[in-house]
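Participant: Taking this note's numbering, the leading residue of the sequence shown gets 1, the next gets one more, and so forth.
Restricting the straight-line Cα-Cα distance to at most 27 Å, the calculated cross-link-like pairs of lysine-lysine (DSSO-like) are:
| hint | residue 1 | residue 2 |
| --- | --- | --- |
| 1 | Lys21 | Lys52 |
| 2 | Lys4 | Lys52 |
| 3 | Lys21 | Lys4 |
| 4 | Lys28 | Lys52 |
| 5 | Lys28 | Lys4 |
Don't read these hints as lab results, they were simulated from the structure.
Remember, predicted model here, so these are calculated numbers, not experimental data.
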Amino acid sequence: MPGKVTLVGAGPGDPGLLTRKGLEALEKADVVVYDRLVSPAILALMPEGAVKINVGKEASRHPVPQEQINRILLEQAQQGHNVVRLKGGDPFLFGRGGEELELLAEHRIPFEEVPGITSAIAAPAYGGIPVTHRDCCSSLHIVTGHQRAGKELAIDFEALVRTGGTLVFLMGVSALPTICAGLLDAGMAPDTPPPWWSGAPPPPSGG
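Whenever a hint applies, use it, and build me the whole structure from the sequences.
Facilitator: Dropping the structure here:
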């Protein structure tokens with residue numbers, strides 16, 4: 001009898017932002033397959049007897065190819081294990097969660113998705129920045145800043161500037177000069193505040 005795969009969003013790093021449902025799934029895991037972006041504090045919550053598989057993905061460096069990760073999840077579940085796929089942020093927001101579930105669905109492996117808090121909201125909030133505000137901002141746009149190998153960054157900067165809403169670029173550190181230049185060329189005001197973070201969210205602003 002096959003096991004089950006639970007795709008858990010670990011949030012932006014602070015273990016206090018891991019959801020209760022995510023923690024419950026993690027505590028019941030026989031096998032945990034996790035990425036580099038999962039913080040050590042959350043990894044410490046894994047059951048002592050669970051098999052831990054680090055697939056270590058990061059920008060421009062995938063020591064374990066995505067296809068192999070998909071296969072690991074399938075094979076572990078086929079062996080009857082309760083598998084948790086632990087991913088930073090939310091698995092369905094630029095996290096390839098959909099890709100990982102496709103193979104499971106094809107083989108009729110039971111799965112569940114536990115959403116996580118995305119850094120696109122948590123990082124600004126910890127910095128005291130609301131991503132929407134009734135008086136000045138009625139929309140939020142989350143854009144990937146990740147460039148696929150050998151391809152240019154495909155972003156319609158003019159469309160983004162026309163919206164006038166808050167723009168959040170994820171995985172955009174290496175493309176930061178390109179993003180800034182694209183926004184300025186598209187007409188964004190040069191004095192627009194551009195806060196940015198790399199890694200886990202900053203501590204709360206305290207007011």
